[in-house]
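Colleague: Letter by letter, the chains look like this.
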Amino acid sequence: MVRYLVTRVGQAIVVILLVTVIAFLILHLLPGGAARATLGKEATLDQLASFNHEMGYDRPWFQQYGMYLLRLGRGDFGYSYQLNQSVVEAMAQRLPKTMVLSLLSTLLAVVVAIPLGVIQAVRRNRPADYVITSLSLLAYATPIFFMGLLLIILFSQTWPILPPEAPQGFTVGEMLADPAGLVLPVVTLAIVTIAVYSRYVRSSMVDNLNENYVRTARGKGLPEWRVVLVHTLRNGLFPVIGLLGMYLPALFSGALVVESLFNFPGMGQLFWQAALKRDFPVLLGVTVVITIATIAGSLIADLLYAAADPRVRLRRGAS
Amino acid sequence: MSTLVPLRRGLGVFAENRLAVVGAGIFLALAALCFLGPLFWTTDQVHTDLASVHLPPGPGHPLGTDGVGYDQLGRLMLGGQTSIIVGLAAGLLATVAGTIWGAVAGFAGGWVDAAMMRVVDAMMSIPALFLFMLLAAIVTPSVTMLIVIIGAFAWLGPARLVRGEALSLRSREYVQAMRAMGGTGGRAVRRHIVPNAIGTVIVNATFQVADAILYVAYLSFLGLGVPPPAANWGGMLSDGLADTYSGHWWLLYPPGIAIVLIVLAFNFIGDGLRDAFEVRLRRR
Amino acid sequence: MNEPLLELRGLDTDIALRRGAVHALDGVSLQVLPGETLGVVGESGSGKTMTALSVMGLLPHGGRVTGGEILFEGRDLRTLPPDDVRRIRGVRMGMVFQDPLTSLNPTMRIGTQVAEPLRVHFGTGKAEARERAIDMLRRVGMPRPDRIADNYPHELSGGMRQRVAIAMALICSPRLLIADEPTTALDVTTQRQILELIDDLRAEFGMAVILVTHDLGVIAGRADRVAVMYAGRVVETAVTSSLFRSPKHRYTEALLESLPEEARGERLYSIPGLPPDLSQPMTGCRFAPRCRHVTDACRLSEIPLSGAEHQFACIHPASGRAAAGVPLPSPARSFSDAPVLSVRDLVKNYPVRRGGGQVSAVAGVSFDVAPGETFGLVGESGCGKSTVGRLAVGLERPSAGQIVLEGTDIAALTGRERRRMHREVQLMFQDSYAAMNPRMRVDAILAEPLEIQKVGDRRARIATLLDQVGLSRQVLERYPHEFSGGQLQRIGLARALALHPRLIVGDEPVSALDVSIQAQVLNLMRDLQKDLGLAYVFISHDLSVVDYMADRIGVMYLGKLVEVGPARDVVRSARHPYTQALIDAVPTISTAKRERIAIEGELPSAIDPPSGCRFRTRCPRAAALCETEPPLTGDTHQVACHFPLRQPPPATSAA
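Chain order of the listed sequences is E, A and F.
If you read the first sequence in the numbering used here, its first letter stands for residue 1, the second for the next number, and so on.
If you read the second sequence in the numbering used here, its first letter stands for residue 1001, the second for the next number, and so on.
If you read the third sequence in the numbering used here, its first letter stands for residue 2001, the second for the next number, and so on.
In case anyone wonders, no lab produced these hints; they're calculated from the structure.
The structure displayed is predicted, hence computed values, not measured ones.
Each residue gets a CB set at the ideal place from its N, CA and C atoms; glycine is no exception.
There could be a bad hint or two in this list.
If you only want the chain E side, here are some residues facing chain F, beta carbon under 7 Å, derived [stated by the list, open to error]:
hint: 1; residue: 209
hint: 2; residue: 212
hint: 3; residue: 213
hint: 4; residue: 215
hint: 5; residue: 216
hint: 6; residue: 218
hint: 7; residue: 219
hint: 8; residue: 220
hint: 9; residue: 221
hint: 10; residue: 231
hint: 11; residue: 234
hint: 12; residue: 235
hint: 13; residue: 310
hint: 14; residue: 311
Looking from chain F toward chain A, a few residues come up when the C-beta cut is under 7 Å (computed) [claimed, not checked]:
hint: 15; residue: 2436
hint: 16; residue: 2437
hint: 17; residue: 2449
Kindly produce the complete structure, drawing on both the sequences and the hints.
Modeller: Quick look at the structure:
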């Protein structure tokens, strides 16, 4: 188990380093280089030169990358002249809010998707299965913003019970104080996630229901609910833990769209506005941070999976 | 002639799968609407016409007009062209690039494989939409650039898939049997691995197309798509966003439903193809 | 006579397909008396497993009992309310399945799984249920049951898991145990342990057992009465001794004659053709198309079971078998030419990925194979026999030692020469379906070796090959999935023959086949040997098949060759205790007395094998001397043992 933990964390670090290389390359491949990208179109040649010298961008590339890494390590993601704020400060206010949105949506998605998937698997190839399958495919094919728009039209306009905009609180606490405003963003992001998860739970459960050990359980004369909930569900859900990690990139992509649509003051909205204004320090900072969050999230999911499933736990621990 | 038998049988199974046929039908209908439609329904999609903005559907404008006076039906056709072209081309690009990358990694094995797959892991852990927007912010997207941007990052999925297939097919007993006859690695790839992996790759390609169409829509919705007067369905929805409260429903539903339909269509086609490829391998 | 515990009356079971249905059971009637063991025997598709699953209500998706009665203790399970039936199946019946590796819940502790029926059916408290589970595990012979109770299934070997499955089935003290091929996935020595355990527990619990199996030998040694099934019907049922002594139904008779151990002379009797397709309607005797004694009357109408004690559904019953006795082995052939294959001190180690170390798969094996000879390699799973085969055909490279083919060390070959070497020796697989590219037609499959080796005139060669293995030209346009197991094995043999090899290595070539089909393939292999002068290395876990096929036999245990000699000497006067234990464990239909060396315990790990004689940890004769490695000694009948069971009689080996 310790060995597995070490290799898995080592892999995560390698991947994070690779991501910083990618970000670094993008910054330097920008037209006009890093200086122009940071200071903007109006900067003079002198300003550019002094910026380059200050940041060490006149040195060999490996030294530049080393300094870039050092700065990242210190939490220095650069300065946004457009926001007139350091990138870290801008992100610090927004990251927790994005986490709240992602966590609540994931929670909602898991709570809804597992029973849906189980019902589909138990009633497979019968009407209930077909209906749920069709609905989840429909949800999967609907762009998130269109889904969000439909929800806004339905619940803020036709039947006005929910605000069409996210709460604009400065802190997470202030946002949570206005739960009504969170409903539509969270539900919108959750719907697509439910579609993906329930499909996965269904296929995992169907695979497990066809296993021999389920036949053994029935042979013991167990009631069907016990066969499904005690024997099959446990085994069927292990892979879903892994899926939570694998799905993170898509979840954050979805959060970007949802935040833009509902004016939700998180990382996605920050990123979106920076993209429209070509504010590269912010764009790269958010990308790196969101990526690290993704990697950390999948690492946690993998370790949870390894800790939960005795087959993995014991096999990995054995030698 | 007899070589056509399996093809015909595969098509037969595809045709039996009603959803797959429906999917193919939807796609063909939408493609015909977008590419052939303008021949019969000629509209001016370049010059704005401020005299006839926000006209509701009616004679002359079956789907009404938008905020700058473009005919919505004509715009739907024009936007569809972009969405379909970018989706197909980016899906194809991603599939080809990913297949090559994954196949090389799977066959090289060892540290080459490890290094190549770490690169894929790294890029996959960057949420795709962030990358697309970053790139779209750097270069002003044209249709070609959109294809390149999406294709350049959507190949990761196929790369993983193909590598996995290559690794598993490489150890199959029929490949061993061939090696016991004195066959080479090249023959294993040509005669055994490619023919068995191709189905999986093609099925995956259809899902790639569906995803690419969604990404085009997202980028345009977020204001980083092809700039006007060019159009696509995502951008039309984005424009229609302002009209959510003004009751101009004809600006929202047609492009939204069009996206849902075409994404569904490619998912149906993919599922049908999967069945068609698998059927020949099923034992009695 | 007592009331039967279980009585099936005219049971019909259908399995729905995408189009139509398979009539898996058609009017099956059986009786099981309290305390007796009923053997249900048949080949694949005969309905024996479907009968068991119908009784237990565990039919697969789409399966349904459509007619008849299932009377258990006088009550029809088909008419009782579902909850009562579930309780009866959980408490009064128990079932053990074929594959112990997948039949236990992988993420539930052993103790919890075994105790579960008590908790569910009797509401027993947690602690008490656990105690009783541990007690039950002890009774099925688990060492340290209190610790095992906290283990997960994947931590146990196959044999141990099957013991757990039996404990679970017996925890509520059922009146009836249904064992569906309980030992088919196990090695023979483990099989023997499990069958004896079931026998002992039957007496101890006073329960009845239904033993479902394809293996006539298993039935012969264990069952009181036997029911023979064919194509969804019971064709014959009788007291075991009477059935084996004088089978009445022509199918039973033919089946017994197909057994390699019953071979009289060169050829086995093989039943022609294939069992019928059960999705098609049929009239008359279902065995008629394959029967030697068929008349028009057989095809006219259904033939019911008749008779009192010994019932059979045949209008031309057999009159009794030729006097049973020790069948004469075929005369020993002698081979004097230079060996086609010579293996010297062969070693193969595989690195272990985690934690370093290595698996010692093959540890110093030497043997020769003469042209035209069959060398049998037997041993249980994990003994390294398949690895030897893969090394011999050049699929893997040895860690040490030599493989000399036709006088050339194949390690020295490179490039073109190495490719040419592959013409001389070919491999035949256990599962020919897996060994054929599913997207290639048979013509392409057969042409492949010729293309690789650039041998001309493929058409003519393929035509010859088809004739040699007895297949028609029509197979060329079909795909592997369209064939049955026996046909696939013929195609595999044809492909192996394509390059005119001198030697064919067969890795369990008939192990996946039914007895009647197995006989067809074995006969074919023998005929080809005679016609083409082929040599075979015949690898199998099945001693009776190897005994029938091989001129000489090598016995492997944990990477070592422990005994080599002429087939009849090895099988009839074994010198190594392991060989004798293996022979004793093979269930046969003959009732001759045996020496009965039983081995206990489990195969040691090949990562850290015992020093000296690798068998010493399980050997009844082991002594201090066994910690040093015994060399393989002897003239023609060699043994690697410090205390061999017998010295070779000087006369027999002068071949």
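Colleague: Hint by hint, work out which the structure violates, then give me just those numbers in ascending order.
Modeller: 1
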